[in-house]
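Protein chains in written order, with this note's numbering: chain A, 21 to 499; chain B, 21 to 499.
Treat the hints with care, as some may be off.
Same chains, same label: a pair holds when it works inside one copy or across any pair of copies.
[Claimed, not checked] Simulated pairs of lysine-lysine, BS3-like, Cα-Cα distance not exceeding 27 Å:
1. Lys450 / Lys61
2. Lys89 / Lys440
3. Lys159 / Lys169
4. Lys138 / Lys454
5. Lys453 / Lys224
6. Lys138 / Lys268
7. Lys440 / Lys224
8. Lys450 / Lys398
9. Lys192 / Lys469
10. Lys267 / Lys454
11. Lys398 / Lys224
12. Lys22 / Lys224
13. Lys194 / Lys466
14. Lys169 / Lys268
15. Lys89 / Lys302
16. Lys427 / Lys406
Because the hints were derived from the structure by calculation, they are not lab data.
2 protein chains.
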Amino acid sequence: MKIRLERSSGVPLYQQIEQIIKEKISQGEWPPGTKIPSQRKLADIFEVNRSTVTAALDELTAQGLLEGKRGGGTIVTNRTWSGLTEWPVLDWTGYVRSGIHRPNSLTIQEINRQEFKKDIIRLGTGELAPELLPYQQMKKILQDAEAGKLMLGYEEPKGNRYTREVLAAHLKEKGIHVSPDSILIVSGALQALQLISIGLLKRKAAVLTEKPSYLYSLHIFQSMEMRLYGLPLDERGLDPAVISACKKQHGADLLYTIPSFHNPTGFQMAEDRRKELIQVSKRLSLPIIEDDAYGDLWLDMPPPSPLKALDQDGNVLYVGTLSKTVSPGLRIGWVAGPEPVIDRLADIKMQTDYGSSSLSQWAAAKWISSGLYAENLKLIRNELKKRRDTALRCLEAYFGGLARWEKPRGGFYIWVTFLKPLAISALFEKALKKNILINPGTLYDKEAKQSIRLSYSYASRSDLENGIRIVAQLARELM
Amino acid sequence: MKIRLERSSGVPLYQQIEQIIKEKISQGEWPPGTKIPSQRKLADIFEVNRSTVTAALDELTAQGLLEGKRGGGTIVTNRTWSGLTEWPVLDWTGYVRSGIHRPNSLTIQEINRQEFKKDIIRLGTGELAPELLPYQQMKKILQDAEAGKLMLGYEEPKGNRYTREVLAAHLKEKGIHVSPDSILIVSGALQALQLISIGLLKRKAAVLTEKPSYLYSLHIFQSMEMRLYGLPLDERGLDPAVISACKKQHGADLLYTIPSFHNPTGFQMAEDRRKELIQVSKRLSLPIIEDDAYGDLWLDMPPPSPLKALDQDGNVLYVGTLSKTVSPGLRIGWVAGPEPVIDRLADIKMQTDYGSSSLSQWAAAKWISSGLYAENLKLIRNELKKRRDTALRCLEAYFGGLARWEKPRGGFYIWVTFLKPLAISALFEKALKKNILINPGTLYDKEAKQSIRLSYSYASRSDLENGIRIVAQLARELM
Numbered sequence: 021m022k023i024r025l026e027r028s029s030g031v032p033l034y035q036q037i038e039q040i041i042k043e044k045i046s047q048g049e050w051p052p053g054t055k056i057p058s059q060r061k062l063a064d065i066f067e068v069n070r071s072t073v074t075a076a077l078d079e080l081t082a083q084g085l086l087e088g089k090r091g092g093g094t095i096v097t098n099r100t101w102s103g104l105t106e107w108p109v110l111d112w113t114g115y116v117r118s119g120i121h122r123p124n125s126l127t128i129q130e131i132n133r134q135e136f137k138k139d140i141i142r143l144g145t146g147e148l149a150p151e152l153l154p155y156q157q158m159k160k161i162l163q164d165a166e167a168g169k170l171m172l173g174y175e176e177p178k179g180n181r182y183t184r185e186v187l188a189a190h191l192k193e194k195g196i197h198v199s200p201d202s203i204l205i206v207s208g209a210l211q212a213l214q215l216i217s218i219g220l221l222k223r224k225a226a227v228l229t230e231k232p233s234y235l236y237s238l239h240i241f242q243s244m245e246m247r248l249y250g251l252p253l254d255e256r257g258l259d260p261a262v263i264s265a266c267k268k269q270h271g272a273d274l275l276y277t278i279p280s281f282h283n284p285t286g287f288q289m290a291e292d293r294r295k296e297l298i299q300v301s302k303r304l305s306l307p308i309i310e311d312d313a314y315g316d317l318w319l320d321m322p323p324p325s326p327l328k329a330l331d332q333d334g335n336v337l338y339v340g341t342l343s344k345t346v347s348p349g350l351r352i353g354w355v356a357g358p359e360p361v362i363d364r365l366a367d368i369k370m371q372t373d374y375g376s377s378s379l380s381q382w383a384a385a386k387w388i389s390s391g392l393y394a395e396n397l398k399l400i401r402n403e404l405k406k407r408r409d410t411a412l413r414c415l416e417a418y419f420g421g422l423a424r425w426e427k428p429r430g431g432f433y434i435w436v437t438f439l440k441p442l443a444i445s446a447l448f449e450k451a452l453k454k455n456i457l458i459n460p461g462t463l464y465d466k467e468a469k470q471s472i473r474l475s476y477s478y479a480s481r482s483d484l485e486n487g488i489r490i491v492a493q494l495a496r497e498l499m
Numbered sequence: 021m022k023i024r025l026e027r028s029s030g031v032p033l034y035q036q037i038e039q040i041i042k043e044k045i046s047q048g049e050w051p052p053g054t055k056i057p058s059q060r061k062l063a064d065i066f067e068v069n070r071s072t073v074t075a076a077l078d079e080l081t082a083q084g085l086l087e088g089k090r091g092g093g094t095i096v097t098n099r100t101w102s103g104l105t106e107w108p109v110l111d112w113t114g115y116v117r118s119g120i121h122r123p124n125s126l127t128i129q130e131i132n133r134q135e136f137k138k139d140i141i142r143l144g145t146g147e148l149a150p151e152l153l154p155y156q157q158m159k160k161i162l163q164d165a166e167a168g169k170l171m172l173g174y175e176e177p178k179g180n181r182y183t184r185e186v187l188a189a190h191l192k193e194k195g196i197h198v199s200p201d202s203i204l205i206v207s208g209a210l211q212a213l214q215l216i217s218i219g220l221l222k223r224k225a226a227v228l229t230e231k232p233s234y235l236y237s238l239h240i241f242q243s244m245e246m247r248l249y250g251l252p253l254d255e256r257g258l259d260p261a262v263i264s265a266c267k268k269q270h271g272a273d274l275l276y277t278i279p280s281f282h283n284p285t286g287f288q289m290a291e292d293r294r295k296e297l298i299q300v301s302k303r304l305s306l307p308i309i310e311d312d313a314y315g316d317l318w319l320d321m322p323p324p325s326p327l328k329a330l331d332q333d334g335n336v337l338y339v340g341t342l343s344k345t346v347s348p349g350l351r352i353g354w355v356a357g358p359e360p361v362i363d364r365l366a367d368i369k370m371q372t373d374y375g376s377s378s379l380s381q382w383a384a385a386k387w388i389s390s391g392l393y394a395e396n397l398k399l400i401r402n403e404l405k406k407r408r409d410t411a412l413r414c415l416e417a418y419f420g421g422l423a424r425w426e427k428p429r430g431g432f433y434i435w436v437t438f439l440k441p442l443a444i445s446a447l448f449e450k451a452l453k454k455n456i457l458i459n460p461g462t463l464y465d466k467e468a469k470q471s472i473r474l475s476y477s478y479a480s481r482s483d484l485e486n487g488i489r490i491v492a493q494l495a496r497e498l499m
């Protein structure tokens, strides 16, 4: 973010900055206790030298509005100039700290911020590069909008019926037979997990998942006091044989899995394990959440059938999304499962956000039913395959002898594990200084201190090459 | 919903129904324990006589797939024909019942379902009628889409920057001075409340609000074990004088208020009370959530300034939305407040749905910045005014001597209180039988057993006339 100063106004820049900060404080945008951005960052925001920022902050400190904090940083003081100090000032910091939902890990918060910096090489980002997003085709869909078919009102609790019919047909192609009544449209796969956490589980419930898992990078279940137990994982996916023992030890109320092109490892669960998992789910009465966000993004050959296609008992809640194959910005995903469960999740969705954007639902239905989904997928697979092969070639070239990895058969990710210990957080920091973002393995398993999740979906092929080369070099320095 | 049978196939209709239900059971869409729709409803779904449904259900019962439930209704049995009964069947019902988030009240669930029935007169619906939604203009906005300006990727945690800049300018016109950094884009005002509940409060926190209040019809705070305390309300809004005593008695961590055109009463908080409320908030260090969903929908003259415009200390979190003024389907709202609070809410939003639809954010920015917001608002106010006046005229004509109400100066609602006790749930049921939906006062205050929330935003003027006439007649019969 940038704030433009009036460079020709005659008012010194440091005074303009002082004024802007003063307004933020006096308007309550930066209430007492707020930690203001660092001097470096302020210099960046105002596009001035750091000394100009220092002059402004010194003024404000002298006026008693700011104070240096022990341990670094500058905070807004419990200001005295408003003449209202007979009452203690509202302590928002206490509210922010005591809320029920856990904050994102600091690393993820940092990643979320840095991703929007220019010229940064994003080697960890789990999304399609902007040049792979179908802007032209989506524009065409919007231009073909007929006013009579647009949807601007509230939708049915489960989502627009026509969109659900389109999704039911789409799922049928994967061997999943559900009627529109057993489908809930959600704002992306992540929201499905959020609804499941507050809709289907008790506090203290036990959730099993692969370890490492994307699920560990979120705090959806943990914030509701649920316990996560990690199951071992290899290139053939999680091994259903261990579930029974895990259930005996910790209990097991739900199992979350990404069988196809797992996040963060890229692994694909083998067909025999899928069949076994369904049997285990029956035997243990264990519900499964199948996250199939990446299933359509196979690069060499299609993965085995989804678990849901093997499930004759309604034990599987199937979660899909357009975020990885079309556009994350649409925020359209779906859950398919037993109707009473879908009814329950729909009811909670109505109570928390009244349904997903009907504009997005409309565009999603158009996208799939027009055949654009299938058509565009071919292009994306083709491009992802090139990027994956580039990434693998660069890994061979620069990471040989340094780390090990498996060739992913689809999805976005390669799980790279260094052969010797190194300080993964230092690697993250050093890479960031070189304008490269990586996702440390510890986001997905706090014991995965020697791994990183490398994504080939976002960076261009030349960025992949440069990024991988530099990260290898930094890693060698750290070992 | 309708399911079309093959009427010329030669297979008897009851057998086709039997087959469809059997598939739903065998595919796990209707797992054991599922309560299937009533015979009346099934007859409606399949468009057959009830006797045909009965024949199908009898067959399925004879096969051991269905059984009658004591107290009425038919459920799917713990089926024996799959040959897999050595294991207990997964009990989804237990999951559905034990989830943390409370279900919607049965009345609201019923309303949510009935709203999509054809030819129903909706006297309680809190949304603009379809004919008031700007389909033509929105179509034009979509058609003008330039591929280069569309947004299909993930947005910044607080939402698209340009959209936030547009919103900052929009808020400035209301006397609210915040920078884009202090604004979070959410999927409607309701989601703001959801994020606040899990982001800023502890379990057992005390939330104050007007009584009656829209907040009582949701379970957002209660599901997180928070306590709601109702404050008395009159035509001049809630009286800030009582807050201090309430805080002493129960504690007070937050106050939620709808100062302009309150839901469900339509009341408008007077200017002096607004000023006093801000003072009380300071004195008691009490954060305020100001829900301004209806503020722009004044019909006679603009309401006093929002609380946020009076707030120099950052005590107020201001919530706005396009749902009531433009299109609920867009699912675009916003929260403005102190930056550290907005940062926290944005972080939780990222963890629960990764942001709002960027297509909707884009359309919202276009809508407001192009001047269409202001232009369309005039038309809507004009139309709402006509509908309000029709509703008031009909109330005079049919409810005279039967109930009392205040003329609302804006928004959607008239709070109608019967002068004598009557069974409000019976009135709801009787009206529903006449194809009229009303919202009983008990949704908003369980003690408001003599009130209904009448909405003039949805029903046409002739539907208002007919609906009000019939409801008055039913009420007289019940008294």
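Which of the listed hints are broken here? Violated: hints 2, 5, 6, 7, 8, 9, 10, 11, 12, 13, 14.
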